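Residues in the sequence shown are numbered consecutively from 1, following the working numbering.
Read the hints as simulated data drawn from the structure, not as lab findings. No experiment lies behind these values; they were computed from the predicted model shown. Some hints here could point you the wrong way.
[Claimed, not checked] Dumping the calculated EDC-like pairs for lysine to aspartate or glutamate here, alpha-carbon to alpha-carbon at most 20 Å:
hint	residue 1	residue 2
1	LYS74	ASP39
2	LYS128	ASP138
3	LYS2	GLU136
4	LYS2	ASP81
5	LYS32	ASP99
6	LYS118	ASP138
7	LYS2	ASP36
8	LYS55	GLU21
9	LYS55	ASP138
10	LYS131	ASP36
11	LYS118	ASP18
12	LYS55	GLU88
13	LYS2	ASP138
14	LYS55	ASP36
15	LYS55	GLU28
16	LYS55	ASP31
17	LYS62	GLU28
18	LYS55	GLU136
19	LYS75	GLU60
20	LYS62	ASP87
21	LYS67	GLU21
22	LYS32	GLU136
23	LYS62	ASP39
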Amino acid sequence: MKQLRVGVVGYCPPSRFDEGEARIRIREAYDKIMADFPDIEIIIVSGLTNAGVLKLAYEEAKIRNWKTAGVACKKAYNLRDNWFPVDESPIVIGENWGDESPAFLRNIEALVRVGGGKQSFREAEEMKNRKAYVIEYDLPILG
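Work the whole structure out from these sequences, hints included.
In structure tokens, the structure reads:
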């Protein structure tokens with residue numbers, strides 16, 4: 001079966017955001033992907049940590065019986081106790097947050113952005129420049 005690797009980016013701690021709204025947007029994006037790509041196996045690729053939008057994206061993927069993968073920098077080893085148990089072997093590359101971005105972008109064909117900071121916006125722009133399938137939702141930071 002053909003596969004579509006979908007990257008999901010967005011807010012991570014310490015950013016505070018409306019998790020309920022983020023979950024709704026993730027479900028909406030996943031429903032759209034399913035409608036636009038029927039009969040294709042979906043694999044969700046995100047930043048490996050079990051926090052923020054990444055956690056919500058992974059949880060929704062599991063509800064849908066989709067496979068999961070993670071790409072992160074070596075600093076993620078400091079959070080290893082809080083990694084999401086992804087299905088594929090994690091890709092850990094680069095020393096600092098953001099160093100993993102090129103490997104992450106090479107590992108996906110589509111992208112969903114739910115809020116996020118500079119790196120999330122930069123990754124979404126890169127995918128749009130590649131004419132990739134991109135779904136974006138803005139989500140305000142709370143207090």
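query: Honestly, which of those hints from before does the structure not fit?
result: Violated hints: 1, 3, 4, 5, 13, 14, 19 and 21; rest satisfied.
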